[in-house]
Amino acid sequence: MKKQLISLLLFFVLIPVIAFGYGLSIDLNKIKDTLTATQNLSLDNDLEQEIEIGRTISGRLLGAYNLVDDKELQRYVNKVGRWVASQSERKQLSWQFGVIDTDSINAFSAPGGYIFLTKGLYQLLNSEAELAAVLAHEIGHVVQKHQIKILQESAMIHFGRLLLESALDQNSMVVDNLVGYGAEMLSRGLDKNSEFEADKIGVVLTARAGYNAYALPIVLQEIGHAGMNNQSDVELLFKTHPHPNERLDNLDSGMQGFSGEGLMLEQRFYRL
Amino acid sequence: MRKLLYIFLFLIPLSADTAALITGMVFIDTKLLDEPNKSGQLIEKLAAKSQVIIKERQSSWTQVATATNTGWVPTLTIRIISVSQQNSVDGTTEVVTERLGGFNQKTVVATFGVRGLDEETLKSAELSEEQLALLESYQVSESQAKSYARAGDLKANKVAYFGVTVEVEK
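Going down the list, the protein sequences come from chains P and D.
Just so we're aligned, residue 1 is where the first sequence starts under our numbering, counting upward by one.
Just so we're aligned, residue 1001 is where the second sequence starts under our numbering, counting upward by one.
Fair warning: there could be bad hints in the mix.
As a list, the in silico DSBU-like pairs of lysine-lysine whose alpha-carbon atoms are at most 35 Å apart [stated by the list, open to error]: (1) Lys91(P) with Lys149(P); (2) Lys1123(D) with Lys71(P); (3) Lys119(P) with Lys1158(D); (4) Lys1158(D) with Lys149(P); (5) Lys1123(D) with Lys192(P); (6) Lys91(P) with Lys1146(D); (7) Lys145(P) with Lys1123(D); (8) Lys1055(D) with Lys1045(D); (9) Lys71(P) with Lys1146(D); (10) Lys192(P) with Lys1158(D); (11) Lys1155(D) with Lys145(P); (12) Lys145(P) with Lys1146(D); (13) Lys145(P) with Lys192(P); (14) Lys119(P) with Lys192(P); (15) Lys1158(D) with Lys145(P); (16) Lys192(P) with Lys1155(D); (17) Lys71(P) with Lys149(P); (18) Lys1155(D) with Lys149(P); (19) Lys91(P) with Lys1155(D); (20) Lys1031(D) with Lys192(P); (21) Lys1055(D) with Lys192(P); (22) Lys1146(D) with Lys192(P); (23) Lys91(P) with Lys71(P); (24) Lys119(P) with Lys1055(D); (25) Lys1038(D) with Lys1146(D); (26) Lys119(P) with Lys1123(D); (27) Lys119(P) with Lys1155(D); (28) Lys1158(D) with Lys71(P); (29) Lys1146(D) with Lys149(P); (30) Lys71(P) with Lys1155(D); (31) Lys1123(D) with Lys91(P); (32) Lys1049(D) with Lys192(P); (33) Lys1158(D) with Lys91(P); (34) Lys119(P) with Lys1146(D); (35) Lys192(P) with Lys149(P); (36) Lys1038(D) with Lys192(P); (37) Lys1045(D) with Lys1158(D); (38) Lys1123(D) with Lys149(P).
To be clear, the hints were calculated from the coordinates, so they are not data collected in a lab.
So here's chain D without its partners, still in its complex pose (with noise of 0.2 Å):
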């Protein structure tokens, strides 16, 4: 979250005296938690449509104020709605942006998150043999991602998957 604040400080033209104020909205009835687990004791019950300011997040656990209390809500359960900036002398509170763009109903989209390259670069660029020498000898085998990963901790799980159907190659 720490990060994620910097991100807002570097990227929103701050002045000394204005912080980011982070808006977002309980989508479903959840309970507010006094700890990020589901162990946590209940504070308060939220409403579905409730708004709430974004305070940091822990995992898949998100530290939400509301207009009484302050608690831990699961991340997934929280849309953020606007960020606002917030002057820390007199109070007042301006908006900034709220939920650009919204949903757009474009069916063409790029492949993960924002479309950056420049199109014409990628038409005219000439195919870089050196580029791809580079690139596989940065490769490595399963079994060194797999001893890799072991160092980590990590266990492969069995998880099925859920809405889509993925066929086996013979």
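Pulled out of the complex, with its shape left as it was, chain P reads as follows (with noise of 0.2 Å):
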């Protein structure tokens, strides 16, 4: 973290500077403040400020677009989701999960304990067991913190380029401005390496939770058969993500260790 503020202030600060031979009218403790402050945006160890962030976050998904009008669906997909999040690591966080209204194909999550799927993606389901995979899969992002990892990091270039303006109303402003980079997140995505982390943590998940192992090698796979055609909710899948197939291939190795035992619940399965 340390090399990080270094070079953010070489970049942002110094080499400015050097380069066009003036000084910038800088506060110096101002810089001072905000460098403590982005340092103190311990997120790792802060579970409350998490779910806070995670709470906005989600907050305006739903802005955008509303929890499907069904509340039995919605208890259903909680049961299943609260389930599955039992078996993680982090299985204290107070869960929350939601059908969104929009025949997009996609699930989110936000930090704390926030999941999201949308009614197309549901719609494509056709047990149980693929829907606990695909809120495994998001558990898995949020048991490993990925948006909070990207977050942090947008808020250390984002600061970086504040302190040449130099201002900067502290710790408000610092989740302001995350919140703002989580939003945009929910729709430019994490990295690569994340999804096939939280691809492998998925099916561990659905396995522990007693269901069929490859539910998610079969959304997967369901998901790039539909992607099979230039339908508008689908065709941005290959502009945007691995393709389904590669996603499968770096399941594939460690997927040799489950025999395909464990539960579908294609009966129970809530339809809609």
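Combine the two chains into a complex, taking the hints into account.
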């Protein structure tokens, strides 16, 4: 972290001064305060702050796309999701799950234990195990704090820029800006390795919960099938994602250890 | 699988006399069995890169047809390579898509499946306290979830992670 701060200081403050040959009007005390505020942004250990950021990001997502108006569906998804999350290393979180009302095919997670999938993706599923697998993948992102890591990186870059402006309202602004990045992250996504990691965690959590470990590969295949056309809801998959086959390849060696036992629960699956 | 075919029928603009034909490839040496389980009898040994027609799926097993036989292989041994329309009248086949987009090399990806939400809509959205309250009202406790799992005969298992390190919070 210190190396990053020094690099940012060099890049955003010292280099411009050297390059342009004049001093900028910078309040050194504010720079110091800003750096301290960024350093204190210890989201790794601040659960309260993590939940608040996740809640705000989720609130904005729900402001754009409402929950599907079906209490039975939402309760069902919460029961399945909470059971899967209970098998994770962060089972103490106050997990909340929701199906949002859009035909797009996707799922999201936000810091603190907020998980969403779209109605479009839900309708592609054919069993409770497949639902569990989708939720398990998203739970994997929260377990690994993938979003938090990206938010921290974004914040570091952003605050480096703010140093030049030498104006920052400390912690409230820190959180506000993180939330802004969070909303953007929902639409821009995470990096490829985070996805592969979440796939592996997803398979294991699905199996731990007693479902068939192959449920996630099955969903990936279904998405791959659905992507074999140019319909607007699915064509973007191939512009912004690893191909489902690539994700399956990434899972393959690890999947050899799973026998295919475990339940699919097609009959109990709540169908829309 | 039936649902999958419905999806195709809906998504691919098929005329009345055409049908979707899903072609896959076995990417490792695999045994074609007569039943969707490991106890099935061997019908044929499929070499890696053999092409098959995908017929049906049951959980972790997929029914495929080779040039001479039909049988079952583990789902994960199959990769879809193309979807075709087969004209049932004259038997001609037209490949409508072949791994659209393929393996792209972009590093920024969306969270689970297909990115479809409008970025501008998200950016301009106002936080909805009402929807957050609704979301919270659907929440269940760990014990409620456990009871529901038990009702479905689900049992928790000890399964180790593979290929990923997960830190346990203190």
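Hints, one by one, checked against the model:
1. Lys91(P) with Lys149(P): Holds: Lys91(P) and Lys149(P) sit about 20 Å apart, inside 35 Å.
2. Lys1123(D) with Lys71(P): holds (28 Å)
3. Lys119(P) with Lys1158(D): holds (32 Å)
4. Lys1158(D) with Lys149(P): holds (28 Å)
5. Lys1123(D) with Lys192(P): holds (23 Å)
6. Lys91(P) with Lys1146(D): The given pair, whose Cα atoms are some 12 Å apart, holds under the 35 Å limit.
7. Lys145(P) with Lys1123(D): holds (22 Å)
8. Lys1055(D) with Lys1045(D): holds (18 Å)
9. Lys71(P) with Lys1146(D): This hinted pair holds, its Cα atoms lying about 19 Å apart.
10. Lys192(P) with Lys1158(D): Holds, because 28 Å separates the two Cα atoms, which is no more than 35 Å.
11. Lys1155(D) with Lys145(P): holds (27 Å)
12. Lys145(P) with Lys1146(D): holds (25 Å)
13. Lys145(P) with Lys192(P): holds (15 Å)
14. Lys119(P) with Lys192(P): holds (24 Å)
15. Lys1158(D) with Lys145(P): Roughly 23 Å separates the two Cα atoms, so the pair holds.
16. Lys192(P) with Lys1155(D): Holds, at about 32 Å.
17. Lys71(P) with Lys149(P): holds (34 Å)
18. Lys1155(D) with Lys149(P): holds (33 Å)
19. Lys91(P) with Lys1155(D): Holds, because 17 Å separates the two Cα atoms, which is no more than 35 Å.
20. Lys1031(D) with Lys192(P): holds (32 Å)
21. Lys1055(D) with Lys192(P): holds (31 Å)
22. Lys1146(D) with Lys192(P): The hint holds at about 33 Å.
23. Lys91(P) with Lys71(P): holds (24 Å)
24. Lys119(P) with Lys1055(D): Measuring from Cα to Cα gives roughly 27 Å; hence the hint holds.
25. Lys1038(D) with Lys1146(D): Cα-Cα ~31 Å, so holds.
26. Lys119(P) with Lys1123(D): Distance ~21 Å between Lys119(P) and Lys1123(D) Cα, so the pair holds.
27. Lys119(P) with Lys1155(D): holds (28 Å)
28. Lys1158(D) with Lys71(P): Satisfied, since the Cα-Cα distance of roughly 32 Å is no more than 35 Å.
29. Lys1146(D) with Lys149(P): Holds - the C-alpha atoms of Lys149(P) and Lys1146(D) are around 31 Å apart, at most 35 Å.
30. Lys71(P) with Lys1155(D): Roughly 26 Å separates the two Cα atoms, so the pair holds.
31. Lys1123(D) with Lys91(P): The given pair, whose Cα atoms are some 31 Å apart, holds under the 35 Å limit.
32. Lys1049(D) with Lys192(P): holds (26 Å)
33. Lys1158(D) with Lys91(P): holds (15 Å)
34. Lys119(P) with Lys1146(D): holds (25 Å)
35. Lys192(P) with Lys149(P): Holds, at roughly 14 Å.
36. Lys1038(D) with Lys192(P): holds (34 Å)
37. Lys1045(D) with Lys1158(D): Judged against 35 Å, a Cα distance of about 34 Å means the pair holds.
38. Lys1123(D) with Lys149(P): Within the cut-off at roughly 20 Å; holds.
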